[in-house]
Amino acid sequence: MPWLTILLALPIVGGLVLMLQPRLSAGAARGIACLVAPATFGVACGLLFGFHPNRGPQRQERHDWISSVGLEWTLRLDGISLALVMLTALIFMITVCALVVKFLPERNPAVYLGLILVAEGALMGLWLAGNLLLFYVFWELMLVPFYFLIGVWGAEGRRQAVTRFVIYTMFGSLIMLVGIVATGVFAQRVTGQFTLDIEALRGVVFTEDQSRWLFAAFALAFAIKLPLFPFHGWLPGAYGTAPIAVTVLLAAVMSKAGAYGFMRIGLPVFPDGAAFWQNTLIVMAVVGIIYGSVVAWRAPTMRLVVAYSSLAHLGFVAIGIMAIDPQAAQGAVLQMVNHGLVVAAAFAVVGLLARRSGREGVDDLGGLADGAPWLAGVFLMVTMASLAIPGSNSWAGEFFILVGAFRHSAWAVILASLGTVYASVYMLRLYQRTMNGPRGATPGKAVEMGGADWAMLAPLVAVMGVIALWPHGVLRATEHSVERVVAPAQQALNRPASEIKAAVPANPPETSLPLPGDPLPQPTSPTPNTGATP
Amino acid sequence: MTPALAWITLLAPLAGMLLLVASGGREPSRGFTRLVGVGSVAVSFACALALFLQMLGKDDHERALVSTAWRWADLEGLRIDLSLLVDPLSMMMMLVITGVGSLIVLYSTEYMGHDRDYRRFFAEMDFFIFAMLLLVMAANFVFLIVGWAFVGLASYLLIGYYYEKPAAVAAAKKAFVINVLGDVGLVLAAVMIAREVGALDFATVFASAPDALGAGSTVAEFVAVMLFVGAAAKSAQVPLHTWLPDAMEGPTPVSALIHAATMVTAGVYLIVRCNVLYQLAPHASEMVAIAGAITLFMAATIATVQEDIKRVLAWSTVSQIGYMIMAAGLGLYTGAMFHFLTHAFFKALMFLVAGIVIHALAGEQGIDRMGGLRRYLPVSWVLMGVGCLAIAGVPPFSGFFSKDEILARAWDAGDLGKVLSIVGLAGAVLTAFYMFRMFFRVFHGPEPEGGYDHEPHNPTIIMTLPVVILGVLAVVGGWIQIPTVNHGINTWLDPSLLADPGIEASHATEWRTIAMSLAAAVVGIGVAWMIFGAGGGRRRIEMADRFPALRRFLLDQWRFDPMIDDAVVAPGRDLGDTAVARFEPRGALGIASLGSGLATGAGRLVRASQNGMVRVSAFGVVLGVAIVAVAMILGR
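For the protein sequence lines, the chains are A and B, in the order given.
The first sequence begins at 1 in the numbering used here and counts up by one.
The second sequence begins at 1 in the numbering used here and counts up by one.
These are calculated hints, taken from the structure and not from any lab test.
Note that the structure is a prediction, hence the values are computed from the model and not measured.
Even glycine gets a Cβ: it sits at the ideal position worked out from N, Cα and C.
Worth double-checking, as some hints may not be accurate.
To be verified - Facing chain A, a subset of chain B residues (Cβ under 7 angstroms, in silico):
1. Ile145
2. Tyr163
3. Lys173
4. Leu181
5. Gly576
6. Asp577
7. Ala579
Work the whole structure out from these sequences, hints included.
The following block contains the structure:
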């Protein structure tokens with residue numbers, strides 16, 4: 001069975017059914033959504049069985065689609081994809097079920113659910129895409145449902161927010177599209193074949209200039225999506241005005257797309273470019289950590305605190321990737337999962353508080369722990385995980401990132417560590433202002449967790465606990481894939497051979513002969529017209 | 001030795017906490033809470049005791065037990081296990097934590113009797129005991145750090161126990177944030193060790209550190225300094241000490257257990273545990289010793305003007321830990337641990353007696369509102385007297401032996417040791433003075449004007465018994481190591497100290513130090529008696545008026561708080577405010593517009609937030625200097 005195709009087709013088809021059947025009864029719509037999301041999660045869990053951690057990409061499903069432009073339906077699964085697939089399936093299942101049970105908007109609930117499911121499918125496609133153009137298709141497809149979700153169901157100020165979101169993202173992705181085409185063309189000059197298959201492009205020897213500019217074209221799109229400072233302009237608006245469930249999805253899942261792009265495409269395909277831009281990106285990440293932290297400290301609303309904390313946390317992920325070290329990169333993958341879990345829980349708590357009290361401001365509430373001890377306890381755990389207290393799941397990831405990055409970029413690690421001090425400041429501000437101190441206008445009893453809140457938060461906290469106690473489980477699944485991803489860039493940086501854990505193939509293989517009619521490959525001499533445009 | 005016992009020791013308090021948390025949304029019966037809260041710690045103590053007896057039956061080199069639960073991570077060859085280490089050093093800590101812990105938890109059952117959140121208190125206390133045990137039982141740096149952070153969390157929760165009180169909430173946050181800074185220090189030390197040694201478990205690290213780090217190398221110094229950042233934050237050493245006095249916002253048993261007997265001495269444990277690393281880093285060791293000496297002196301001076309009984313004890317704790325840190329920095333590891341032991345007894349004793357006094361007066365903490373209490377609380381009077389004599393260093397009470405050992409051996413530990421020994425002696429005079437100032441003002445003299453706010457009442461046996469036991473320990477605790485007679489601590493800890501330089505005091509030094517520290521105690525107590533004891537404390541007022549500037553300076557606690565606020569807190573806050581108000585609304589291509597925005601609106605901006613901008617630029621300068629410094633140290 002083509003399980004990978006099913007994994008992404010299931011939510012997309014389900015979503016389309018919901019959207020295109022306006023006369024569907026509300027009950028039926030809920031039923032479909034409630035069936036599709038858990039089914040997707042089930043398929044994702046099925047992928048765990050038969051996954052071989054020591055093999056690279058596996059379960060390949062490949063069909064020609066529009067081969068004249070290099071677009072093929074190529075799906076592959078490796079450890080990194082698997083981690084993100086699991087995260088996506090879990091978060092969407094929890095969110096969709098919570099929505100269906102309790103928090104559905106009154107206007108067009110079926111379409112709303114349908115859009116969410118389409119977004120899930122697009123994200124699944126993104127994690128599995130094995131072809132650059134296919135990657136781009138899903139990259140753009142994912143934007144569409146989020147555009148409508150924010151633009152139609154969002155809070156006040158959504159117009160401006162969603163416009164900014166789209167402009168930022170489109171700007172990046174258009175440049176990425178140019179990069180994709182250029183990659184194909186340049187690669188053809190070297191290998192003699194026009195292909196956009198990511199595995200086939202691995203190890204292609206671009207000239208240094210090509211590699212730098214191509215990497216930059218992709219990196220811009222990824223940096224905007226991540227977001228890296230200073231490309232985070234869309235973030236407060238989008239996170240702040242989207243319906244809270246959509247914010248959960250944006251922060252927990254979609255924000256991983258940028259980081260994933262760096263790992264899937266940036267490092268393995270353009271190792272020289274990654275080496276060239278390494279320090280620039282790390283500096284951006286470090287600045288983002290500190291800047292995001294101080295802004296989160298002073299942010300006026302609860303949501304914005306969590307939103308900016310995201311900026312800081314993803315900075316750590318970026319450092320982990322750009323340190324170009326297998327330990328750090330493993331930490332980064334773990335941290336993508338962790339951040340997804342923690343930020344989803346944090347937004348869930350914040351959303352709960354805002355909905356029950358009708359207030360968004362950090363200073364509007366107070367003393368809630370008195371009547372809501374369970375909420376206070378859960379919120380405390382989420383707070384601690386968010387500020388990455390040692391012993392939490394987030395700390396495990398962060399620690400591995402620091403261990404790996406310290407080897408080559410000690411300065412970045414030391415500065416980034418200061419960010420964790422600020423993290424304790426802003427997260428405790430959020431926790432204490434709402435839970436402790438003199439009582440505010442809203443009594444604690446009004447916000448105590450109910451059944452639906454438990455159903456949403458308990459699984460997240462449970463998974464966080466499992467990862468905290470046994471990160472080895474995730475690491476083992478991702479180890480080999482990460483080594484493969486990092487190895488080419490390590491080579492480009494002339495790292496000692498003892499650190500490079502995976503073989504980097506020569507591309508084209510030394511034994512292969514150029515095809516008749518193709519220009520001769522010239523891997524060593526630079527081509528005359530170098531630059532960003534083909 | 002049985003691994004299962006070690007795991008039960010560690011996990012019993014955790015189980016107690018989980019049981020209390022899980023016992024439903026409503027407050028369970030007090031009897032159940034008491035049973036679980038105290039019982040779980042008692043079980044833990046019993047297991048620790050059993051392990052101790054087993055350990056006594058072993059030869060020196062067989063006294064270390066490592067037990068692994070599972071592999072926590074295997075990161076490209078960096079293997080990290082969830083495993084425990086029980087050796088003489090951790091055994092000593094375990095006994096004190098669970099032993100003193102049981103007594104204090106028992107005491108709390110009555111002390112907290114009027115509280116409506118009874119269950120939460122015991123759940124958090126049990127969590128603390130678990131975390132503290134994890135800290136001392138961890139067999140590698142990773143779980144040491146985890147325990148380190150968890151005790152910080154427990155401390156945060158218990159300082160902020162009365163969470164409706166803004167002062168308690170603020171104190172809790174301050175303690176937490178400063179301790180996170182300490183955690184960062186530990187993490188940086190650990191990542192450096194991981195880079196240089198390629199392992200994080202104690203056995204491997206300590207075995208290969210001399211080769212992998214190199215004696216006196218920059219790397220070794222970096223590791224030692226970063227470990228000390230952690231130790232200083234946790235053990236309240238200058239300049240990271242400011243949270244501990246504020247931590248007195250927590251209930252008194254919490255202060256006794258966490259902020260006197262156990263958690264705050266974790267820094268001492270850390271340095272002693274990492275003795276190999278400190279022996280490789282002579283400069284860092286000296287820095288540690290000097291920081292300890294500065295702390296012990298500064299805190300002692302501040303303690304002389306405190307008016308709140310718990311704050312006197314808090315500053316005294318800071319000062320006494322200063323002695324331990326100083327000793328550890330000088331390489332007197334056994335001396336540091338010996339003083340940790342006696343201090344755990346007499347300081348817990350004094351806090352608990354203070355608790356009885358506060359309880360008897362229905363929450364009154366100002367020593368001005370006390371006085372003459374020996375007539376109402378005779379047992380407490382005797383016990384507090386024992387504690388004060390012990391801390392002042394009067395033989396045969398326990399503090400005499402441990403403090404004397406530090407001062408005598410410091411004198412023979414090189415030039416720096418001589419200087420610091422003298423500082424320690426000066427501290428001893430101050431210690432005797434401020435403790436007996438408190439003692440005389442609370443228990444002697446006239447009753448406060450207008451009488452007590454609440455008729456003093458004696459506690460029941462539940463509260464008295466633990467205090468009496470601690471009183472006995474505070475008397476005899478020092479007898480396990482009497483100069484020239486026996487060496488209980490030295491012999492016991494020997495297998496854990498892989499790099500003990502073995503500094504011993506000569507006989508001449510020994511006798512001279514005994515004479516001098518006795519003199520110090522007598523002078524301190526005598527002066528306190530003249531001012532606060534004799535004649536009902538009439539001379540007190542004159543003294544306070546004579547040096548107003550000095551008094552002000554001491555009352556401001558050497559002005560550390562405003563200094564730290566200006567240098568660290570305010571710049572970040574103002575940068576955040578400026579960013580929220582100015583940069584962020586424009587979107588972040590707006591960071592580009594930040595430049596033009598600053599240029600065009602410079603005047604307006606400066607006027608609007610003049611103060612803020614100065615701090616922002618100060619922050620920028622600090623950050624820039626930090627970056628350059630770090631780049632110079634580590635750039636290659």
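Hint-by-hint comparison with the structure:
| no. | hint | verdict |
| --- | --- | --- |
| 1 | Ile145 | 5 angstroms, holds |
| 2 | Tyr163 | 4 angstroms, holds |
| 3 | Lys173 | 5 angstroms, holds |
| 4 | Leu181 | 5 angstroms, holds |
| 5 | Gly576 | 3 angstroms, holds |
| 6 | Asp577 | 5 angstroms, holds |
| 7 | Ala579 | 5 angstroms, holds |
Violation of the numbered hints given earlier is absent; every hint is satisfied by the structure.
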